[in-house]
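Using the sequences and the hints given, assemble the complete structure.
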Amino acid sequence: MLNPLSRTALAIAITLVAFLSIPASANTQKAPKPTGKSSAAPARQPAVLYATRPEALQFADDLAARRDLDREWVRQAIGQAQFLTQVPRLMLPPAKGTAKNWRVYRSRFVEPIRIRAGVRFWQQNEAALARAEREYGVPAEIIVGIIGVETIYGQQMGNFRVMDALATLAFDFPSAHPRAKERTEFFRRELEQFLSFTNRSNTDPFDARGSYAGAMGLGQFMPSSWVRYAIDFDGDGRVDLFNSPADAIGSVANYFRGHGWTPGMPTHFGVQFDAARLQLDDLMAPDILPTFSVASMQAKGAVLDAAGVQHTGPLALIELQNGGDAASYVAGTENFYAITRYNWSSYYAMAVIDLGREVSAARAGQ
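Take the sequence shown: its letter number 105 is residue 105 in the numbering used here, and every next letter is one higher.
FYI, nobody ran anything at the bench for these hints, they're computed from the structure.
Backbone N, C-alpha and C fix where the C-beta goes; we use that ideal spot for every residue, glycine too.
Some hints could be false.
Stated by the list, open to error - In silico DSSO-like links for lysine-lysine, alpha-carbon gap of 27 Å or less: (1) K96 x K181; (2) K181 x K100; (3) K100 x K300.
Stated by the list, open to error - What follows is a set of in silico ranges between Cβ atoms, one per label pair, in the way DEER data are often shown: (4) A307 x R134: 19 to 25 Å; (5) P93 x D282: 22 to 28 Å; (6) R71 x I113: 22 to 28 Å; (7) T312 x P112: 35 to 41 Å; (8) P286 x P93: 18 to 24 Å.
Okay, structure coming up:
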């Protein structure tokens with residue numbers, strides 16, 4: 001499961017109040033609600049609270065000092081967060097030896113239910129999508145692809161308490177993960193962002209619901225992305241990525257602009273191999289980071305299609321494995337790479353692209 005925007009303090013407060021969908025009090029800081037009973041994912045065991053974890057409370061003290069927050073409020077919030085036993089397991093990569101399969105992966109996202117829902121979403125939000133494409137240069141089908149892959153256009157936004165999910169991953173990220181230290185630090189930063197803006201907006205950190213990784217809304221924004229890229233695109237004076245499709249559309253477009261999206265550039269080109277010249281290991285070494293010029297890629301045996309030959313920017317050779325069958329390959333541009341900033345996966349990026357195209361084709365065929 002499978003992050004620059006300037007704001008005034010007032011704008012941030014308005015944004016976050018809308019984000020949590022509850023009214024703010026001007027005079028009273030709301031304390032986190034008691035948690036004798038979990039309202040996150042259904043639990044079969046007694047709740048384990050982070051109040052029992054000295055390192056979690058030390059983090060709370062450090063966070064309060066860094067952010068100039070009330071120490072007892074932060075300790076109470078983190079202390080009442082519950083350890084979610086299923087969440088660390090969900091973060092582990094597939095077991096070694098598990099073959100990746102692009103066709104299977106694609107079939108999970110590019111399928112009739114999402115395509116029909118995508119057509120309805122596009123029809124209902126045509127003006128917002130056209131405006132986002134015009135103002136940010138991000139094609140409507142890419143935005144539609146993102147929201148469809150992430151939440152089936154708002155049908156599945158997650159029912160985990162964000163506070164519990166972030167605390168679990170901040171203090172109990174699985175040590176077996178190959179990037180455990182890096183990911184632990186990431187989720188601790190996200191927890192800090194989340195608590196900081198709920199405190200500023202005087203809202204209860206236990207009200208927000210999202211994914212098991214703490215992502216929220218139609219576009220599944222992490223807390224830091226919400227603060228940096230979420231915008232009021234429907235002009236109602238607040239940002240609401242849960243209930244306003246227009247805000248979600250504009251925010252996804254703003255996110256991509258912030259991550260280097262180039263208007264008018266394709267996401268990828270077709271590629272074939274010249275076996276006599278092929279240097280596949282060299283072509284795969286940079287992974288999905290665009291590194292090769294057209295000339296250097298072709299010199300290593302990757303023959304681009306006619307549109308690809310005309311491309312002037314860097315390219316990456318993208319490999320999509322198909323289980324025991326031959327892998328599929330495309331030449332990814334900087335815009336392909338921009339999609340992977342949403343989720344670090346070439347499979348994810350291609351699913352977003354393909355779903356958007358299928359929805360666009362279905363819409364045109366009506």
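### Query
So which of those numbered hints doesn't the model satisfy?
6
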